[in-house]
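Chains as they are written, first to last, in UniProt numbering: chain R, 1 to 514; chain S, 1 to 514.
Worth double-checking, as some hints may not be accurate.
As the list claims (entries may be wrong) - What follows is a list of derived Cβ distance ranges for each label pair:
1. R:Q107 x S:G502: 23 to 31 Å
2. S:P124 x R:A272: 25 to 33 Å
3. R:G21 x S:A381: 52 to 60 Å
4. S:D48 x R:S375: 26 to 34 Å
5. R:D125 x S:E309: 33 to 41 Å
6. S:A323 x R:D125: 31 to 39 Å
Source of the hints: derived by calculation from the structure; they are not laboratory data.
Where a beta carbon is used, it is the ideal one built from N, C-alpha and C, also for glycine.
Protein chains: 2
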Amino acid sequence: MQRVSEADPTTTFQGVDAATGAPLEPSYPISSLADVDAACAAADAAFDAYRATDPETRAAFLEAIGEEIVALGDALIERAHRESGLPVARLTGERGRTVGQLKLFAQVVRDGYWRQARIDPALPDRQPLPRADLRLRMVPLGPVAVFGASNFPLAFSTAGGDTASALAAGCPVVVKGHPAHPGTDDMVAGAIRRAAEKTGMPAGVFGHVRGPANALGAALVQDPRVAAVGFTGSRGGGLALMKLAQGRAVPIPVYAEMSSINPVLLMPAALAARGAALGTAFVGSLTMGAGQFCTNPGLVLAIEGEGLEAFTRAAVEALTAHAPQPMLTGGIRAAYAKGTQALASNPAVEQIACGLEGDGVAREMARLFTTDAQSVLADRALGEEVFGASSLIIRCRDLDELKAVIAGLEGQLTATLHMDEADHAAAASLVPLLERKAGRVLANGWPTGVEVSHAMVHGGPFPATSDGRSTSVGTLAIDRYLRPVCYQDLPAALLPAELRDGAAGPRMIDGKSA
Amino acid sequence: MQRVSEADPTTTFQGVDAATGAPLEPSYPISSLADVDAACAAADAAFDAYRATDPETRAAFLEAIGEEIVALGDALIERAHRESGLPVARLTGERGRTVGQLKLFAQVVRDGYWRQARIDPALPDRQPLPRADLRLRMVPLGPVAVFGASNFPLAFSTAGGDTASALAAGCPVVVKGHPAHPGTDDMVAGAIRRAAEKTGMPAGVFGHVRGPANALGAALVQDPRVAAVGFTGSRGGGLALMKLAQGRAVPIPVYAEMSSINPVLLMPAALAARGAALGTAFVGSLTMGAGQFCTNPGLVLAIEGEGLEAFTRAAVEALTAHAPQPMLTGGIRAAYAKGTQALASNPAVEQIACGLEGDGVAREMARLFTTDAQSVLADRALGEEVFGASSLIIRCRDLDELKAVIAGLEGQLTATLHMDEADHAAAASLVPLLERKAGRVLANGWPTGVEVSHAMVHGGPFPATSDGRSTSVGTLAIDRYLRPVCYQDLPAALLPAELRDGAAGPRMIDGKSA
Numbered sequence: 001m002q003r004v005s006e007a008d009p010t011t012t013f014q015g016v017d018a019a020t021g022a023p024l025e026p027s028y029p030i031s032s033l034a035d036v037d038a039a040c041a042a043a044d045a046a047f048d049a050y051r052a053t054d055p056e057t058r059a060a061f062l063e064a065i066g067e068e069i070v071a072l073g074d075a076l077i078e079r080a081h082r083e084s085g086l087p088v089a090r091l092t093g094e095r096g097r098t099v100g101q102l103k104l105f106a107q108v109v110r111d112g113y114w115r116q117a118r119i120d121p122a123l124p125d126r127q128p129l130p131r132a133d134l135r136l137r138m139v140p141l142g143p144v145a146v147f148g149a150s151n152f153p154l155a156f157s158t159a160g161g162d163t164a165s166a167l168a169a170g171c172p173v174v175v176k177g178h179p180a181h182p183g184t185d186d187m188v189a190g191a192i193r194r195a196a197e198k199t200g201m202p203a204g205v206f207g208h209v210r211g212p213a214n215a216l217g218a219a220l221v222q223d224p225r226v227a228a229v230g231f232t233g234s235r236g237g238g239l240a241l242m243k244l245a246q247g248r249a250v251p252i253p254v255y256a257e258m259s260s261i262n263p264v265l266l267m268p269a270a271l272a273a274r275g276a277a278l279g280t281a282f283v284g285s286l287t288m289g290a291g292q293f294c295t296n297p298g299l300v301l302a303i304e305g306e307g308l309e310a311f312t313r314a315a316v317e318a319l320t321a322h323a324p325q326p327m328l329t330g331g332i333r334a335a336y337a338k339g340t341q342a343l344a345s346n347p348a349v350e351q352i353a354c355g356l357e358g359d360g361v362a363r364e365m366a367r368l369f370t371t372d373a374q375s376v377l378a379d380r381a382l383g384e385e386v387f388g389a390s391s392l393i394i395r396c397r398d399l400d401e402l403k404a405v406i407a408g409l410e411g412q413l414t415a416t417l418h419m420d421e422a423d424h425a426a427a428a429s430l431v432p433l434l435e436r437k438a439g440r441v442l443a444n445g446w447p448t449g450v451e452v453s454h455a456m457v458h459g460g461p462f463p464a465t466s467d468g469r470s471t472s473v474g475t476l477a478i479d480r481y482l483r484p485v486c487y488q489d490l491p492a493a494l495l496p497a498e499l500r501d502g503a504a505g506p507r508m509i510d511g512k513s514a
Numbered sequence: 001m002q003r004v005s006e007a008d009p010t011t012t013f014q015g016v017d018a019a020t021g022a023p024l025e026p027s028y029p030i031s032s033l034a035d036v037d038a039a040c041a042a043a044d045a046a047f048d049a050y051r052a053t054d055p056e057t058r059a060a061f062l063e064a065i066g067e068e069i070v071a072l073g074d075a076l077i078e079r080a081h082r083e084s085g086l087p088v089a090r091l092t093g094e095r096g097r098t099v100g101q102l103k104l105f106a107q108v109v110r111d112g113y114w115r116q117a118r119i120d121p122a123l124p125d126r127q128p129l130p131r132a133d134l135r136l137r138m139v140p141l142g143p144v145a146v147f148g149a150s151n152f153p154l155a156f157s158t159a160g161g162d163t164a165s166a167l168a169a170g171c172p173v174v175v176k177g178h179p180a181h182p183g184t185d186d187m188v189a190g191a192i193r194r195a196a197e198k199t200g201m202p203a204g205v206f207g208h209v210r211g212p213a214n215a216l217g218a219a220l221v222q223d224p225r226v227a228a229v230g231f232t233g234s235r236g237g238g239l240a241l242m243k244l245a246q247g248r249a250v251p252i253p254v255y256a257e258m259s260s261i262n263p264v265l266l267m268p269a270a271l272a273a274r275g276a277a278l279g280t281a282f283v284g285s286l287t288m289g290a291g292q293f294c295t296n297p298g299l300v301l302a303i304e305g306e307g308l309e310a311f312t313r314a315a316v317e318a319l320t321a322h323a324p325q326p327m328l329t330g331g332i333r334a335a336y337a338k339g340t341q342a343l344a345s346n347p348a349v350e351q352i353a354c355g356l357e358g359d360g361v362a363r364e365m366a367r368l369f370t371t372d373a374q375s376v377l378a379d380r381a382l383g384e385e386v387f388g389a390s391s392l393i394i395r396c397r398d399l400d401e402l403k404a405v406i407a408g409l410e411g412q413l414t415a416t417l418h419m420d421e422a423d424h425a426a427a428a429s430l431v432p433l434l435e436r437k438a439g440r441v442l443a444n445g446w447p448t449g450v451e452v453s454h455a456m457v458h459g460g461p462f463p464a465t466s467d468g469r470s471t472s473v474g475t476l477a478i479d480r481y482l483r484p485v486c487y488q489d490l491p492a493a494l495l496p497a498e499l500r501d502g503a504a505g506p507r508m509i510d511g512k513s514a
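Working from the sequences, and respecting the hints, build out all of it.
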């Protein structure tokens with residue numbers, strides 16, 4: 001396995017206890033640019049051998065990563081808790097999700113749909129010209145740079161969804177560990193290395209660099225051997241990576257999940273039937289994980305009336321009693337404070353609730369604001385993400401005004417409808433608009449739960465992601481790291497195994513599933 | 001139907017007879033920037049209605065376009081022949097391909113695989129958390145800007161592969177007609193409009209602008225309602241569109257097919273067995289359509305020896321006797337002359353054959369050059385495309401040197417192996433390298449024939465295309481204009497028809513084809 005940066009670190013860095021702000025032992029070496037170069041060289045050298053692994057071998061590697069993560073035991077959860085401030089129960093669930101995600105991608109590799117095998121048999125007697133034998137499969141793009149995310153130190157980080165889907169596709173991965181959880185990152189990177197060793201993967205299939213400087217990530221994205229980038233984080237960070245990737249001699253795809261305010265639409269009949277219950281449930285979704293979910297409901301839209309008033313009263317009550325947990329980092333806390341202050345000082349906006357003040361550092365009160373639709377239509381900035389437990393209720397006069405607000409929103413990860421049967425006609429007129437704006441449209445639930453499955457989409461039009469044609473969660477995420485290759489009249493001996501006549505696995509023959 | 005620019009043209013432009021350089025009647029109005037705006041507005045307005053069309057209706061529209069093109073009769077072929085200089089037989093074949101392509105996409109729309117319908121049924125009793133009902137389908141991106149290509153005035157132009165695949169996906173299309181064949185473009189645009197009217201498509205489903213200025217295309221790519229771009233043309237043109245698309249407030253995907261030199265590898269046993277025959281056949285592929293195919297074999301690699309000498313002798317003989325046809329435009333001819341002069345004046349390169357001189361304007365002699373592998377390794381510019389009937393034979397000392405040349409090449413549309421059974425071991429070591437470089441790997445054929453089918457890939461790593469994850473020919477081309485949307489717990493009444501329980505069509509349930 002490629003272990004970079006440990007030979008001669010020029011300097012080191014430490015994690016920070018999210019609850020106290022105190023530095024956490026031990027120190028970790030900061031990777032150098034030479035480390036980035038070495039990791040990319042090793043990944044490139046491993047690429048052909050790794051992509052040639054048979055499905056069972058590759059699946060076993062993915063499963064072994066999960067087993068090694070489980071074998072880290074409670075020490076992993078404890079470390080992630082201290083570094084992120086996220087509750088132990090949440091992190092335990094996140095570990096289950098991370099391991100389950102690796103297992104699911106192992107199954108994807110075995111099932112073989114991802115190969116998209118297609119065969120158009122030769123038609124030697126066709127007039128006016130014969131048809132050659134044509135066979136298509138997906139092949140991996142090459143080494144993938146993955147950036148760990150701060151808000152999911154397990155499921156979106158070192159061995160998270162980007163890593164799992166890229167490895168499943170047959171791409172070596174070089175992870176840039178997130179500097180907010182270096183201990184968690186170090187433990188998980190070790191688990192991946194052990195799994196690779198135990199399952200006989202080529203050296204270089206997993207590379208790892210770390211440190212607080214942006215230059216490290218920039219060097220990774222600019223390395224000519226890197227073929228794609230997976231990122232979850234801020235809009236500024238994602239845009240910077242896109243720019244770097246597009247400025248290369250050979251531009252590469254960047255899958256950056258960046259910014260989403262996740263509108264929740266409360267339809268009149270649902271509001272009338274259970275406005276207060278919705279208000280309470282809404283605050284539960286809003287404050288989960290200190291509101292630090294990509295799918296946090298940062299915008300609520302409803303038509304004015306008694307239902308909305310009941311919703312608002314219940315939400316204010318629940319939020320006012322909410323005790324905060326620490327935010328992930330001081331930087332995120334500062335950005336949250338700045339964003340909520342901007343809302344509070346906007347004359348068109350009223351702050352209607354504020355959560356309890358927390359003890360210790362990095363605890364930020366949840367906030368609830370309200371405004372009217374005309375103000376939002378006049379000031380697009382009101383639709384921008386404030387990362388954390390802040391939300392804005394937009395009072396609309398009627399359905400048309402609500403639609404106008406939706407039409408003016410940027411791309412989103414999710415859009416949610418709360419509705420009853422009497423709302424269906426109005427909702428039906430909204431769905432086409434919502435599916436143009438968001439990657440996931442959900443009904444009578446909250447967007448903060450993201451299932452890892454075949455039909456999930458965790459993506460959406462820009463700026464929710466840099467590439468709305470993709471998802472970063474669910475099995476379709478593997479498609480991000482693949483490209484098609486056609487083999488024309490290649491002798492059977494030279495064809496990839498899965499494209500030979502009679503090979504097992506799903507395939508399309510002459511355009512029909514076979 | 002949206003007909004732009006005919007109300008008050010500020011000026012007009014004319015086609016040019018490729019054989020004589022004389023202007024062709026009639027004049028056509030140059031579209032204004034207001035015309036671009038109007039076409040994009042109409043396309044955007046048509047989007048929801050068009051994407052909601054049922055498969056049969058949309059398929060009928062695509063087929064009707066083909067019927068209207070056929071109904072144009074020989075006048076279309078004659079006009080295309082005069083504007084492009086391409087032979088009538090070739091254009092007749094190209095018309096068949098264009099119509100066949102529309103029919104194939106109609107079948108794709110009916111078959112429904114492109115929707116990628118996926119259902120993960122709800123698991124209400126799952127522990128620790130229930131699973132919601134999740135359903136996924138692909139939806140179209142939005143209005144697509146298509147740039148007609150000069151070298152295929154039918155199959156890659158106004159109603160070509162980009163238009164057919166985008167319309168199949170449910171995207172309205174705004175075509176920027178290629179100014180080198182305005183008459184052909186005008187006739188085909190009329191055919192599309194008539195087909196749209198006859199099949200009851202929403203106004204705006206097809207928009208059309210034209211004129212020689214780059215500003216027109218730039219405005220189209222920058223229009224905020226345009227969601228994707230399809231382009232086949234020069235590297236400079238493609239890079240310019242990529243930059244414009246990335247510089248938008250909302251960046252959009254550009255599918256530009258740009259530049260490829262299409263290496264042909266002659267393996268020793270094949271060369272020994274039939275070197276001379278290969279040389280003659282090679283010149284046939286090289287000079288087809290004045291070498292103006294994207295997949296023209298611009299590079300030949302082989303290990304030195306008697307077989308290569310026989311190949312070269314036969315190629316020289318065939319090429320020397322080749323009488324040219326006019327090139328597509330004066331600009332393309334000038335670029336070809338410049339590129340071949342640069343090769344001829346390179347001290348490391350020897351010109352070994354030159355075709356016959358043609359009569360009239362825009363006829364450029366075919367050229368054959370040779371050099372050795374070390375020179376190519378020292379000068380990457382020798383691997384750059386010269387668009388036209390020019391090719392460079394690279395003499396390699398051994399297989400390792402040949403591999404080094406391949407490894408140094410940029411991304412390609414195709415890579416070709418000529419081989420016998422005794423070559424298989426060496427070829428097997430080349431295939432992994434070739435599939436990293438090219439979108440199509442072919443054996444014992446020539447790259448200039450591109451089948452329109454399910455398993456075709458006409459794409460490849462940058463700079464062959466701007467996006468190596470895609471193909472612009474074959475049914476997989478539809479994927480370029482789609483994005484996934486997940487519907488979570490949506491009541492059946494609000495679900496898209498193809499995602500309802502019991503709906504017809506292919507789907508994946510819980511990760512398995514059903």
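### Query
Which numbered hints does this structure break?
Failing hints: none at all.
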